[in-house]
Every structure is written in structure tokens, then in C-alpha cells.
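Asks: Given next are the chains, with one letter for each unit.
2 protein chains.
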Amino acid sequence: MNAPTPLTALARIRVILSRTSHPGNIGAAARAMKTMGLSRLYLVAPRHFPDPQAHAMAAGAVDLLDNATLCDSVSAALQGTSLAVAVTARRRELASPILWARGAASEIVAEAMQGEVALLFGNETSGLANEETDLCQRLVMIPTNADFKSLNLAAAVQILCYEIRQAALDPGPPPSITEAGQPAPHEEVDGLLNHLERAAISSGFLDPAEPKRLMPRMRRMFARARPEREEIAILRGMLAALEKES
Amino acid sequence: MNAPTPLTALARIRVILSRTSHPGNIGAAARAMKTMGLSRLYLVAPRHFPDPQAHAMAAGAVDLLDNATLCDSVSAALQGTSLAVAVTARRRELASPILWARGAASEIVAEAMQGEVALLFGNETSGLANEETDLCQRLVMIPTNADFKSLNLAAAVQILCYEIRQAALDPGPPPSITEAGQPAPHEEVDGLLNHLERAAISSGFLDPAEPKRLMPRMRRMFARARPEREEIAILRGMLAALEKES
Numbered sequence: 001m002n003a004p005t006p007l008t009a010l011a012r013i014r015v016i017l018s019r020t021s022h023p024g025n026i027g028a029a030a031r032a033m034k035t036m037g038l039s040r041l042y043l044v045a046p047r048h049f050p051d052p053q054a055h056a057m058a059a060g061a062v063d064l065l066d067n068a069t070l071c072d073s074v075s076a077a078l079q080g081t082s083l084a085v086a087v088t089a090r091r092r093e094l095a096s097p098i099l100w101a102r103g104a105a106s107e108i109v110a111e112a113m114q115g116e117v118a119l120l121f122g123n124e125t126s127g128l129a130n131e132e133t134d135l136c137q138r139l140v141m142i143p144t145n146a147d148f149k150s151l152n153l154a155a156a157v158q159i160l161c162y163e164i165r166q167a168a169l170d171p172g173p174p175p176s177i178t179e180a181g182q183p184a185p186h187e188e189v190d191g192l193l194n195h196l197e198r199a200a201i202s203s204g205f206l207d208p209a210e211p212k213r214l215m216p217r218m219r220r221m222f223a224r225a226r227p228e229r230e231e232i233a234i235l236r237g238m239l240a241a242l243e244k245e246s
Numbered sequence: 001m002n003a004p005t006p007l008t009a010l011a012r013i014r015v016i017l018s019r020t021s022h023p024g025n026i027g028a029a030a031r032a033m034k035t036m037g038l039s040r041l042y043l044v045a046p047r048h049f050p051d052p053q054a055h056a057m058a059a060g061a062v063d064l065l066d067n068a069t070l071c072d073s074v075s076a077a078l079q080g081t082s083l084a085v086a087v088t089a090r091r092r093e094l095a096s097p098i099l100w101a102r103g104a105a106s107e108i109v110a111e112a113m114q115g116e117v118a119l120l121f122g123n124e125t126s127g128l129a130n131e132e133t134d135l136c137q138r139l140v141m142i143p144t145n146a147d148f149k150s151l152n153l154a155a156a157v158q159i160l161c162y163e164i165r166q167a168a169l170d171p172g173p174p175p176s177i178t179e180a181g182q183p184a185p186h187e188e189v190d191g192l193l194n195h196l197e198r199a200a201i202s203s204g205f206l207d208p209a210e211p212k213r214l215m216p217r218m219r220r221m222f223a224r225a226r227p228e229r230e231e232i233a234i235l236r237g238m239l240a241a242l243e244k245e246s
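Those protein sequences? They're chains A and R, same order as listed. Numbering of the first sequence is given in the numbering used here, commencing with residue 1 and proceeding in unit increments. Numbering of the second sequence is given in the numbering used here, commencing with residue 1 and proceeding in unit increments.
FYI, nobody ran anything at the bench for these hints, they're computed from the structure. A couple of the hints might just be wrong.
To be verified - Derived lysine to aspartate or glutamate pairs resembling DMTMM-like cross-links, with alpha carbons at most 20 Å apart:
#, chain 1, residue 1, chain 2, residue 2
1, A, K149, R, E197
2, R, K149, A, D170
3, A, K149, R, D190
4, R, K149, A, D190
5, R, K212, R, E231
6, A, K149, A, E124
7, A, K244, A, D170
8, R, K244, R, D170
9, R, K149, R, E124
10, R, K212, R, E228
11, A, K212, A, D190
12, A, K212, A, E188
It should be emphasised that the depicted structure is a prediction, and the values quoted were computed from it without experimental measurement.
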């Protein structure tokens, strides 16, 4: 067997949805999982499944629905897992340690490098029963507005899967734009500023005896703009045309 | 005027949904915003609004729909903002710098401490037009599965708003469970281990002349379990009862 990679670790994390009422949420959860590279969906006693609404909300993630494992109980859905994490919105008495989603994500990924991990989500209205969270070794909460904690089920799945992907895979630097997006080198920006100053003086807009802060301000603005070669060429062309005209 | 706080900064961030096709997504986006403490929704030429589906998906966030600002164009929706951030799934030619959601969140919050900020989301199928992203100073992407980047609109709103809340407000330590959840002090765990060893010896299970690694293993297990006072009392009570019986 090959050594696990972060990508194979994602494949070892199952999402268990317990007693889901609305099939649309099952489909939306499948889509949320797949966008983040998770693929194993377990459904414990869903009210309606399969259901056209689930398929409609899954969009391109219907394969997760087709391969979903249907179970009678959370205990059955946990077979084979060594870490079970319950996602909950409320505090409970006599419960496992509570972690925030971000803190839990790295532990979940580390565990998934070794074995099977489950994320357990409860019913839309009633959440998880204590008998269900009791089967888990960790409770996870998502920090929310204290006045409105009501995350949609698929939205909670999305945030957890997103945090797990972030913990598993460094996305690297953001994608670069195009080659044309390269900022011009120092000397070309300098050339533009010198040209601008000459034009300002020759037009009478700037008095070289009393230059004030005009050119430093312009330099500061172009420092923020980080102009590209092409943009400097446009500005200098325009300046040259204006100088010729006057 | 009072100095801005991170909470008032959240109130200065508007979410603009441009040309949304499905009213359910507008409602789900409103709910996503409110769970993270954002409240200002702008709708540019939505296909159906107001609409019962939007209200159904908003759940307890209908106030955001009732107070939503309807606009004819993205430019109108951007009035008053000093930073506009376009959320996009694809690279573009001749565009603003691209950031990942997490990196963008802290810049968005810092800017919102000073002025108005907009997050711009495009149509479900076609995304944002170049004419729309051209009005923004930043592009933001959410890292996804390279084989399935298709985030639902409200799911993308949820992730951005979540990242922004995380950047704005330290959620502090996770909520503690109950007072009963306190791990017992060192000496009580020691008392249990001594009791366990005595019982193991007196029952003949452990040969004190050849103890091997039995007790270190038990100590290691209880170190992971971090038992509470109550749990130690239960275990010692049970040991005492077993000792009496034998």
C-alpha cells in the first residue's frame, strides 16, 4: 500500500447526515463535499431518498448520491472509523471536548492520514441527539453570529469541508493573471514619472521653483498602482500627444 | 462618531448579487450572511425578486431580504464603496490581482474599519462579466477541487462571510462543556492508578515480581482520557465492590 497523501486522506473522511428532513439539503451537501474533494456520503434514515430534489441540488455531484451508503443508525454508519466528529450548534452536558471548526480541521486531516474519520451532522431542526453525539470523540462548532446561529445544513457541511481542504492542501500562491499582468521594472516607472514632470512643467501646471509635493504624490500613487509596461506605454503615448498639440 | 469596532466593520460590508437566476439562492445567501454577522444585501437585476422561494430559503434572515437594495447595475450598487472585491471561479485576462479567500478576508476587514466594502458575486451559470469585475479592485478565489469547482452561489457567500468573520473576530477558546467536564487533578488520577494496581495484584492478574508494562500502559490511557473526578469515583467504587466480592 502506498503511503497516504493529503488527497487520499480526504478520501478517507466520510460525511454522515443523520435523519435529514429535506432531500435538497442532501444534494447540496454532496455538492459542497465534492467541491472540496470529499466523496464518501453516508445517510442515516433520511426522510426522502433518493429524491429528485436531492439530485437537482447536487448538480455535478450526483455521483456522490449514487454511491451514498444508506444506514439504519449512526452506529452502523461509524463502522470502520477511528475518529468520529459531531458538528453541533449547541453546548451539551457531559460531552466530548469542543473544538472550533478551524482547530478541528488539522486534527481531522492528521487522523485521516492514519485511518477512517467521520463527520456527523444532525437533523435540520432538532440537530443531533445526545445518543448520537455520545458515539463521537470530538464535538465541533462553527463560530457564528451569537444572535443568529442558524446555519443551513449544507452550509455547515461546506464550511467544514472547506476548512478540512485548507488544512490538508496548501493552495499555493493565488493564480497569476497573465504575462501582461507583470508590474513594469523600476526604471520604466521612473521614466513615466520624469515624463510626467516635464509635461507638468512645460504646460505651466507645475512651477519648478515651487514644486511642493506634486511629484512625490504621483510617485506614491504609481507605487500603489504598480503599472504594467503596456500601461506605461499608453500613458507616455498620451503625454507625448498632448505635448505635441500644445 | 464612535471609533469602528470589528462588529461595526462587518456592518459596513455589503454583499452584491448580480443577475441571480434562482431566488432560492438569494434567500440562502441572506441566511449565510446573517449567520456571520453581515446584513447589507444588494441585488442587481435579479430574475425573480421578491419571491416566495427566496423567503423560504432565508429562514430567520428575511429581514435582510426586506431591507435589500435593488439596483439596475453593479456600478449603482457600488456607490459609496472604496473597495470592491469580485468573487470569481475563473482566471481572467487583464484583471486585478487575485487573492485566496483567506488572504483577502483580513484586507477586507481592515478596509471596512475605514470605509464601505463590497463583495460582488455573479450569476449562477455565467459568473461575473468582465465589465463587472473591471469595476473591482480585487479578485478573490476560493480554493476548490480542481476537478469540480462548481460551488453553489450561497455556498460561496457562506465561505467568504465565514472567512471575514474569522478575520474580524477572534472566537476565543471553544465553549467549555460544564463544570463536571473539568479533568481531575494529578493526585486523584494517581489514586485511581494505585487502586487499580492493588486490585490487579490482589486478584492475581498482575504478578508484582514481573509487572511488565501493565501500569505504564494504564497510565498512558488515562493520560489521554483525562478522567473527571466523577469518573474516577465511579471506577474506584466499582473496583472496591469487585475487591469486596472476591
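Asks: Measure nothing beyond the straight line between the CA atoms of K149 of chain A and D190 of chain R; if it is 20 Å or shorter, mark the hint as holding.
Replies: 42 Å, violated
Asks: Taking only the CA atoms, is the gap from K149 of chain R to D170 of chain A under or equal to 20 Å?
Replies: Distance ~16 Å between K149 of chain R and D170 of chain A Cα, so the pair holds.
Asks: Can the restraint linking K212 of chain R and E228 of chain R be considered satisfied, given a maximum Cα separation of 20 Å?
Replies: 27 Å, violated
Asks: Going straight from one Cα to the other, do K149 of chain A and E197 of chain R come out at no more than 20 Å?
Replies: 48 Å, violated
Asks: Between K244 of chain R and D170 of chain R, does the CA-CA distance stay at or below 20 Å?
Replies: 53 Å, violated
Asks: Does D170 of chain A sit within 20 Å of K244 of chain A, going by the straight-line distance between their CA atoms?
Replies: Judged against 20 Å, a Cα distance of about 53 Å means the pair is violated.
Asks: Straight-line Cα separation of K149 of chain R and E124 of chain R no greater than 20 Å?
Replies: 13 Å, holds
Asks: Keeping to a limit of 20 Å between CA atoms, is the pair of K149 of chain R and D190 of chain A held or broken?
Replies: 42 Å, violated
Asks: Given the hint that K212 of chain A pairs with D190 of chain A, does the C-alpha gap stay at or below 20 Å?
Replies: The hint holds at about 19 Å.
Asks: Does the structure keep K212 of chain R and E231 of chain R at a Cα separation of 20 Å or less?
Replies: 26 Å, violated
Asks: Assess, step by step, whether the Cα of K212 of chain A is no farther than 20 Å from the Cα of E188 of chain A, and give holds or violated.
Replies: Violated, because 24 Å separates the two Cα atoms, which is more than 20 Å.
Asks: Need the status of pair K149 of chain A, E124 of chain A: alpha-carbon distance at most 20 Å?
Replies: Holds, because 13 Å separates the two Cα atoms, which is no more than 20 Å.
Taken one by one, the earlier hints fail for this structure at numbers 1, 3, 4, 5, 7, 8, 10 and 12, listed in ascending order.
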